[in-house]
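Enquirer: Work the whole structure out from these sequences, hints included.
Listed in order, the protein sequences are those of chains A and B.
Take 58 as the starting number for the first sequence in my numbering and just add one per residue.
Take 58 as the starting number for the second sequence in my numbering and just add one per residue.
Simulated from the structure, these hints should not be mistaken for laboratory data.
Fair warning: this is a prediction, and the values are worked out from it, not measured in the lab.
Keep in mind that a hint or two might mislead.
A pair counts as met if it fits within one copy or between any two copies, since identical chains are not told apart.
[Claimed, not checked] Derived DSS-like pairs (lysine-lysine); straight-line CA-CA distance at most 30 Å: (1) 652 x 754; (2) 419 x 264; (3) 652 x 258; (4) 570 x 669; (5) 570 x 465; (6) 202 x 240; (7) 419 x 258; (8) 202 x 264; (9) 652 x 669; (10) 202 x 258; (11) 258 x 240; (12) 754 x 857.
Number of protein chains: 2
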Amino acid sequence: MHPESSTKNGPRSGRSADASEKLVYSFGLHRTEGSGEMRDLLGGKGAGLAEMTRAGIPVPPGFTITTQVCNMFYALGGQLPDAYRDQHREALERLEQDQGRQLGDPVDPLLVSVRSGAKYSMPGMMDTILNLGLNDASVEGLARKTGNPRFAYDSYRRFLQMFGSVVLSIPKRLFEERMDALKSGRGVQLDLELSAEDMHKLAEQFKALIEQRTNEPFPQDPHAQLDRARDAVFRSWFNDRAVFYRRQHGIADDLGTAVNVQAMVFGNLGEDSATGVGFTRNPATGERQLYGEYLRNAQGEDIVAGIRTPRPIREMERDMPQVHAELRDITQRLERHYRDVQDFEFTVQEGRLFMLQTRTGKRTAQAAVKIAVEMVGEKLIAQEEALLRVDPGSLHQLLLPRFDPEAKFDPLTRGLGASPGAAVGRIVFDPDDAVTLVTPTRENPHPDSVILVRGETSPDDIHGMAAASGILTARGGMTSHAAVVARGMGKSCVTGCSEAEVDEEAGILRIGKTVLERGDFISIDGSSGDVIEGEVPTVAPEIADEFRVFMEWADARRQLRVRTNADAPEEATTARRFGAEGIGLCRTEHMFFQKDRLPVVQEMILLAPQVKRIQTQLAQRERELENAAGEARTALEEEIARLREALARPRARYDEVLAQILPFQRDDFYGIFRAMDGLPVTIRTLDPPLHEFLPKKNELEVEVALLRERGSDPDRLAEREALLARVTELSEQNPMLGHRGCRLGVAYPEITALQVRAIMEAAARLIGEGGQVFPEIMIPLVGTPQELAHQRRIAERVAKEVIEETGVDVPHAIGTMIEVPRAALLADRIAEQADFFSFGTNDLTQMTFGYSRDDSGRFLPDYVASGILPQDPFVVLDREGVGQLVRVAVERARAVKPQLKTGICGVHGGNPSSIEFCHQLGLDYVSCVPFEVPIARLAAAQATVQPGDSSAPAGHRGQI
Amino acid sequence: MHPESSTKNGPRSGRSADASEKLVYSFGLHRTEGSGEMRDLLGGKGAGLAEMTRAGIPVPPGFTITTQVCNMFYALGGQLPDAYRDQHREALERLEQDQGRQLGDPVDPLLVSVRSGAKYSMPGMMDTILNLGLNDASVEGLARKTGNPRFAYDSYRRFLQMFGSVVLSIPKRLFEERMDALKSGRGVQLDLELSAEDMHKLAEQFKALIEQRTNEPFPQDPHAQLDRARDAVFRSWFNDRAVFYRRQHGIADDLGTAVNVQAMVFGNLGEDSATGVGFTRNPATGERQLYGEYLRNAQGEDIVAGIRTPRPIREMERDMPQVHAELRDITQRLERHYRDVQDFEFTVQEGRLFMLQTRTGKRTAQAAVKIAVEMVGEKLIAQEEALLRVDPGSLHQLLLPRFDPEAKFDPLTRGLGASPGAAVGRIVFDPDDAVTLVTPTRENPHPDSVILVRGETSPDDIHGMAAASGILTARGGMTSHAAVVARGMGKSCVTGCSEAEVDEEAGILRIGKTVLERGDFISIDGSSGDVIEGEVPTVAPEIADEFRVFMEWADARRQLRVRTNADAPEEATTARRFGAEGIGLCRTEHMFFQKDRLPVVQEMILLAPQVKRIQTQLAQRERELENAAGEARTALEEEIARLREALARPRARYDEVLAQILPFQRDDFYGIFRAMDGLPVTIRTLDPPLHEFLPKKNELEVEVALLRERGSDPDRLAEREALLARVTELSEQNPMLGHRGCRLGVAYPEITALQVRAIMEAAARLIGEGGQVFPEIMIPLVGTPQELAHQRRIAERVAKEVIEETGVDVPHAIGTMIEVPRAALLADRIAEQADFFSFGTNDLTQMTFGYSRDDSGRFLPDYVASGILPQDPFVVLDREGVGQLVRVAVERARAVKPQLKTGICGVHGGNPSSIEFCHQLGLDYVSCVPFEVPIARLAAAQATVQPGDSSAPAGHRGQI
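Expert: Put into structure tokens, the structure is as follows:
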């Protein structure tokens, strides 16, 4: 997205203008040189003005200085070549002819606006100057010509104010202070109450201010005004706001901005003048009706300023019926011409309508779907184009509860919108407390929802997260534990709320000066990240007919299948409702965290290494005994007896514990299989490091230290010390790179066997009941072909056993996640052992970048903000680096096994740009959390309909 | 190394024998079919026997069954094809003709030995059977023929014992028990004291034992005996010991073993018979003298058994002068023939000498160097071959103190030999204590050395490690903190000593039943891992003349340069003495751990984020103020004032602290530059996560909890709570993937600037004094070209400033470590910003495999032992995976910058196999710890002399 050359000092082109190059494009009565296709050169606004002029729509004439000139400006250090100056002069002369007025004419001056206009709309990001051409002489001419001195001096002081702040960088407030002083001196409230003399006086004050701040008089020469305004627009391309906006939207720095110089028209010449903005359809609902606002006797900025309340555009029908009819006619023509909803600006000068701008109208997801479907009905666009008209990422808005749009509220603070949807409930700080509070009792059969508020969450908190309606954390990013788990659960979640101080022990949430306690109501919006005190009313999602039709079109076109990541039957059911075609990732360990199971799982974890250690020693000693004699033999025999005795109890207990876990897992899998009856389900064997399931080492250390200090409970101390010793033994410096994934299955093959048995028995049961199931057993974190071969042997053996025991022939597959860089590099050899690959792009991104998802919040936001990275690679798949590995793996694996099934199950499986990349690589499916399934369906269709225009930033494709 | 096909069930070939294929090779009087080149097919022993026979050296005749037959044996499930059976019969008949005796002849039986012999020597790993051909009838014939019934029955019972244990898997001790019972029945001590009748009786008992254990009588048919013995040898290829040995030595499973059937000769036919083993030169010192031991009237196994004490071979000159002369003559011929030291076995039967085996003799590093150099002098070999004759890894033996070879000791236990060299000292458990104890005082001007004993070490312990002579840890592997730091310091270190229980608080080290306390003496051997109670005498290394000559030959041939990793002037000096040609990695942070500096560094670490946070807020508010008015403006102004006030003190203190650190760093760099005067020095900017420099979070948590509990010192509590809060803020889940490397330099550019300034000022000073210095500034952990560009800009700016300030034009370069997989993938773009690349293969291995070096000790040893990995990838560079990334990076970088300097500075820089790979990739240099510099020099020369025979296992190359 950001070519290497994009630096502040040298955008795209350092070359000087070649004499024949066209650098200025006129539009107007006599000649229009540009057209709607020339967005690269003229910017969106300039292309639109040219296009409208060509279509005979009334537009004030003018000319566009191309983006190429902007790039020259930067390349030449703020200078411009002669070739440009000539063309500029000619275009200005043409405009003067067209209007019959001269810039700076003291009798009847031409006034112009100077506006930026880049290829992609960056609303409000760059600068605009109106009324340019006024000076001490021409303002008099304007007053005489219009017979309206107040208008003339008002225009002059507005121009001075804009020129002063935009071109000369004088703080706006200095102008406003003078205006305020004058109004209070006059004892009035509104600008409108000031007289022509007041305005004149203000203009004098502004000129004085300018001279005082710049040590130069205000430039009276209109040509100098124009040059300086143009350069200010160029410079605004690199102001902080614009740079930030481009980073946010993935727009390249080297596109540059065009400058539009256009004859002024005035909506403030009296009651037959007006100004307004509008949409050809309702951008909130999609309804087909002219929609907008206007103000009589006003200039455009008055609408935005909010001092006077604009009136709905439909009232224009009564006030200015002819103009209204003309506007309706023109805007309908524009919509037909552009084949999309138009967001337009207009001015009525003394009864005559001028269109100032038209561009594609931004809209809500709901409106986007409705408009796209209706425009197909109106034969304005084809189904394929309709599919491109909706931002897939916006679809979740249609599926989640949200705050009532009518509700008014003032957020306390804003965190990261980590998992969308609105949630309202009582604050709890403790996961157990969350479970208790939401459990119905005889006294309280309908308990309130709760929001779990934590510094950050850990796997221990899962039960509390499941019980809560939403999660709020002070720390952590978009990919923190809280965020990932919440998205998986489809729960609203706000993370990284750095202004929130959470004191879990005291039960206090402090945000700024507000102190909230356990039980207080709070509302969070997991899309915007807003946190609001009290209860904001919410509305449920409604899936409109248009949405169903729209998604059918998408499904008919996409080549990628869409699965879901789901760990529980409820999630699977939700996902299926949203169109999931199977499960791409079911994490067995999430079931382990359930409160009634955790103690059993913990016992297994503590026993497994103990049993293994004794067994290994025993086997070693038995081998030694074989050839030992004499004293050594006696010693060995004694040791063997001791080891056998030491093994007996843990081994027996270990077997019992494994036998207790088997039915848990089998029932879970059965539920998931039933929810996905007829569809494939990929189940990953145990993945996280075992200590994640145990009490935290540091907390135990504190507990032990305190028990020692108190000395009152030696039994408890001994028990906790023993536990601490085991936890310490299992604890790791870098758990993400530690003993986890298939490394566990290799060390403890009995756990892999247990899980495969649970999967196969559950499947056999469902098939026995007439269901259809196709389990795919997925071995995680494989880095060598030997690891997969090892786990595959176990899985095949157990599968065979269960098939023989049950007499049910369960079709099944055994594959692996490709999530370690080495696995991608050795994909050909690993493919020999695999029936399928699923790209675990979370881990692959972690290891390819060397970024811990849990810790990268410390530097990733800075990296993105400063352009070191174009975006968070945990959100958008890094095609340049991680993508190379995915591509290499697919190519190498398919070279040895052309039919190998491939998918992706990282968070990228729900990201449109990443889905497009998966489509390009020819993967078979993507898998994402339930609420992203429609997003993925649409993104997959878009990738098919419009393959690979990855140069356009997300959200701008398909717009004109 | 291990082709996929190497499984227990099917080595190399599943094909059946083709009729013309030669499967059995005779050697002897009439015909010798094999030769010395046929090691693949005949194994080392078979090829040697054929070669000796061809050379006219007296060898008992026989035949070799090829390794191909072994592979058939496995492929056909223990069967053998007819084609083989025919050749076997013919070869046996030829042997019978040759010897004039028949197998099983009751009058004059032919006896044979059956021995394994694989391509690479696996001493003692597989099985041998002697005296085959005896049965109840032929033993009588042998008794009569030799006139020595005791010999005959002794031979018979030996055969029964070997056949019973090796072929029939009857535990050896069952035979030994019967022998012991008989001896005690007879009231004798030695086997020799038993009579012919006793032996006869024993043979009967052994046959009964065999029948009882196998439910079959002992096979009397000598042909059946031979077939079963051969199959047992084949089966022994996959016994546990052999498999383990192959894993250890990187020998492929599918080579198979040959079987040698050879006529028996007897050294136990009387005083004119003898048996012995020897070397053509002294394998310990390299002296050119016949060296070995022999026993009269004995069989080979008697020498090994150690019941009788063998006599030095020189005494043979007196006892059997003619045989001795013949032996000297023959072995000298063998040495000339094979052009290397021979390790031989011989038997004298009734005055007649037979050579049973000859092979390349293993030798110490000292002997290897001396022999190689002398053989060049003797014109036996060329210099190139001499270079290949020494295992580079063994060279460190020549450079480190070691236990006196005369010293006898009994190790308490054995850990991992993590950093070579012997060390002796008093036990200390606390790093501070270590420093105190070794600091000379008036009372104790010559304090004893200390050994630092810890559960494991952490960066906090560095000062104690530096003070100690050696380090012993209970936990951690070859790449643990202790191991890595100790190797860097050239200190002896034993890690992973799992039998050691270290109670640091109580000051007790418990190993088995031995309890050692602070101040007790202990000795450790960092090569073998031995831990010995008390003081073992040590001897200093002496670098012989031969070594100097040898290394000159190596240096003349190698293409890779060899640098060192060194963090301090003393290390640099040591490395230079060993031949280092510069520093490839100087870690600035190691200097931070010095006791007097750590508090200042800690303050910097605590201040840096605080200052940054306030500055960021302030800048944000100041931007907002620009356009604010009214109340909002007042509020902003108040906040800005508050922020400015909040910033003032930490900012001033931060500047002070940075100013305090600058001279530290400058002096360190100056010292290193001076030690490396004239050579390049690569200095890496700050790399580890900052919390590594702070007190440990869990320890602070305990401290705070206890202070709270006691409630007696609120000031201290408040101070510790504040510190804990800061440490918690900086703590990470996975520090290896966290905020470290250049991510720190990007967040805190002032720290990068400080370090670059220190480097440049130090260099300017040395140049000013007439020295020569070429600093290379290395930015760690780069994953995007933008990161490097960012840090490069800072470095260039500061470098320019210092050059201007000092007026000294310091030549310098700015480059990066390639240690993140993504950096390797984007090497072309990163190269545009870099003057050099240094491959940080430690991190690259961590991230490519997803293995934390700190944690992989939990599973890596199992992975290597079970063949999931051929070796520890933190020791030997993984060419298959990590190597792909290194190769890709070199290729892509050179494509855009052909002259880019490239090196490697991970632990692999000192590993011979990895150095060979670096040579193949065309890197410019390797960098390793000082003591590995000679290893690297030799390995680099070997890579040039004999490019890329990577199929031969390490340590076997160059041997015959």
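Enquirer: Mind listing which of the numbered hints don't hold for this structure, in increasing order?
Expert: 2, 3, 7, 12
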